[in-house]
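J.: Residue numbers for the sequence shown follow this note's numbering, beginning at 156 and rising by one.
These are computed hints drawn from the structure, not numbers from a lab. Wrong hints could be hidden among the right ones.
[Stated by the list, open to error] Distance condition first, Cα-Cα at most 27 Å in a straight line; then the derived DSS-like pairs of lysine-lysine: (1) Lys375 x Lys462; (2) Lys157 x Lys423; (3) Lys345 x Lys256; (4) Lys345 x Lys381; (5) Lys410 x Lys462; (6) Lys438 x Lys159; (7) Lys247 x Lys350; (8) Lys159 x Lys212; (9) Lys350 x Lys157; (10) Lys350 x Lys338; (11) Lys345 x Lys423; (12) Lys375 x Lys247; (13) Lys449 x Lys423.
[Said to hold, decoys possible] Label-pair ranges, simulated between beta-carbon atoms: (14) Met377 x Lys449: 24 to 32 Å; (15) Ile382 x Arg224: 42 to 50 Å; (16) Phe163 x Glu249: 33 to 41 Å; (17) Glu249 x Tyr419: 24 to 32 Å; (18) Ser206 x Ile437: 45 to 53 Å; (19) Met377 x Asp201: 49 to 57 Å; (20) Asp467 x Met377: 23 to 31 Å; (21) Lys381 x Arg202: 22 to 30 Å.
Every residue, glycine too, gets a C-beta built ideally from N, C-alpha and C.
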Amino acid sequence: MKGKYSVFVQNNRLRYEFTISRNITIIRGDSATGKTTLLDLLNAYDRDGDSSGVLLKCDVPCVVVGGQRWEENLQFIHNSIVFIDECNRFVKSEDFAICVKESDNYFVIVTRDDLPNLPYSVKEIYGIRESGKYAGLKQVYNEFYCLYGNVENAELTRENVVIAEDSNAGFDFFNSLCDGSVKCVSANGKSNVFKALQEHRQEKVLVIADGAAFGCEMEKVMQLIKIGRGIALYLPESFEWLILNAGIFYDSELKDILNAPCEYVDSKEFFSWERFFTDLLIKKSHGTYLQYNKRSLNKAYLQDKIKNKIIDAMSPLGF
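Could you put the whole structure together from the sequences, leaning on the hints where they help?
T.: Here is the structure:
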């Protein structure tokens with residue numbers, strides 16, 4: 156399943172309108188914010204159709220899944236938007252993560268908890284925003300997508316630290332940009348970023364991570380920012396996405412893909428957009444002197460001409 160889907164749900168009292176564009180969307184928020192009501196409306200329509208008093212408009216089926224037979228039920232659902240309520244604890248399980256990875260559905264999960272087994276984007280975490288009788292989804296972390304916080308990155312000093320989520324090609328590149336004047340460390344994966352921040356609690360820190368899969372770590376990092384820690388975030392989709400956006404490869408198809416990734420990322424083939432962009436970069440660079448290897452950075456990407464194009468694509472950092 157791929158593409159972007161508008162969902163319109165309404166009864167005689169409430170109306171919800173929102174758009175789903177990735178395989179995993181998270182809805183979070185406190186009680187009485189309308190999360191469960193949305194799923195109740197969808198359940199009523201699924202059970203009773205038009206006689207439920209609910210109007211549902213979407214180009215694909217919208218279904219609610221839960222209970223002990225969730226895994227069995229999912230086997231019969233395809234090319235649909237699957238909604239799951241927070242009372243279902245299976246969403247934290249490895250079995251559920253495997254089902255999502257192998258599924259051709261999109262999943263909308265209502266939960267107040269982080270789900271470390273799922274690679275969801277910082278841009279696809281929403282609260283429900285109400286305006287009178289109407290409700291839509293509001294991004295929770297959208298203002299932190301590029302670069303915000305307490306660090307003026309154009310004035311990084313020797314006391315500042317750059318923490319790169321990546322330990323492979325991405326780290327090689329960012330470490331080369333720091334050039335010894337700024338300490339650059341690898342967190343060795345997104346799940347270790349919080350630990351790395353604790354180890355550098357006395358310093359101003361810039362975190363560079365793949366926004367396409369960093370959603371489950373955002374709540375912990377945001378708690379540190381809220382208490383006044385000197386933390387700035389740079390969360391592009393991925394390092395590979397940065398390279399593809401740098402204008403290094405001249406390809407009309409690539410331009411179309413970058414303008415609307417959701418139309419090209421097949422949910423059954425790619426667990427996250429980060430994996431899609433890695434695969435895309437490998438294919439676009441294959442057989443060229445810029446052939447990409449995620450494990451170790453091709454030194455061609457450190458040539459001034461190429462490196463400067465990538466730096467231009469990430470200009471907010473001020474490197």
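J.: Confirm or reject each hint.
T.: Outcome of the hint check:
This hinted pair does not check out: Lys375 and Lys462 have alpha carbons roughly 32 Å apart, beyond 27 Å. Simply put, Lys157 and Lys423 have alpha-carbon atoms about 9 Å apart, close enough for the 27 Å limit, and the pair holds. Distance check on the hinted pair: Lys345 and Lys256 sit about 18 Å apart at the alpha-carbon level, within 27 Å; holds. Between Lys345 and Lys381 the CA atoms are separated by roughly 20 Å; this keeps the pair inside 27 Å, and the hint holds.
With a C-alpha separation of about 20 Å, the suggested pair Lys410 and Lys462 falls inside the 27 Å cut-off, and the hint holds. Straight-line distance between C-alpha atoms of Lys438 and Lys159 comes to about 24 Å, which keeps the hinted pair within the 27 Å bound. At roughly 21 Å between alpha-carbon atoms, Lys247 and Lys350 fall within 27 Å of each other, so this suggested pair holds. Distance restraint check for Lys159 and Lys212: the Cα-Cα separation of roughly 14 Å lies within the 27 Å cut-off, and the hinted pair is therefore satisfied.
Of the supplied pair hints, the one linking Lys350 and Lys157 is violated, its CA atoms being roughly 35 Å apart against a limit of 27 Å. The suggested pairing of Lys350 with Lys338 holds, with an alpha-carbon distance near 17 Å, which does not exceed 27 Å. Simply put, Lys345 and Lys423 have alpha-carbon atoms about 23 Å apart, close enough for the 27 Å limit, and the pair holds. With a C-alpha separation of about 17 Å, the suggested pairing of Lys375 with Lys247 holds against the 27 Å cut-off.
Taking the CA atoms of Lys449 and Lys423, the gap is about 22 Å. The hint holds against a cut of 27 Å. With their beta carbons about 28 Å apart, Met377 and Lys449 fall inside the hinted range of 24 to 32 Å. Distance hint check for Ile382 and Arg224: the Cβ-Cβ separation is about 43 Å, which falls inside the suggested range of 42 to 50 Å. Hint check: Phe163 to Glu249, Cβ distance near 34 Å, so the stated range 33 to 41 Å holds.
Here the CB-CB span from Glu249 to Tyr419 is close to 28 Å, well matched to the stated 24 to 32 Å. Distance hint check: the CB atoms of Ser206 and Ile437 are about 51 Å apart, consistent with the given range 45 to 53 Å. Against the hinted window of 49 to 57 Å, the Cβ-Cβ separation of Met377 and Asp201 comes to about 35 Å, which falls outside the hint. Restraint check, Asp467 to Met377: a C-beta distance of roughly 29 Å satisfies the suggested window 23 to 31 Å.
Taken as a hint, the range 22 to 30 Å is violated for the pair Lys381 and Arg202, whose Cβ atoms sit roughly 42 Å apart.
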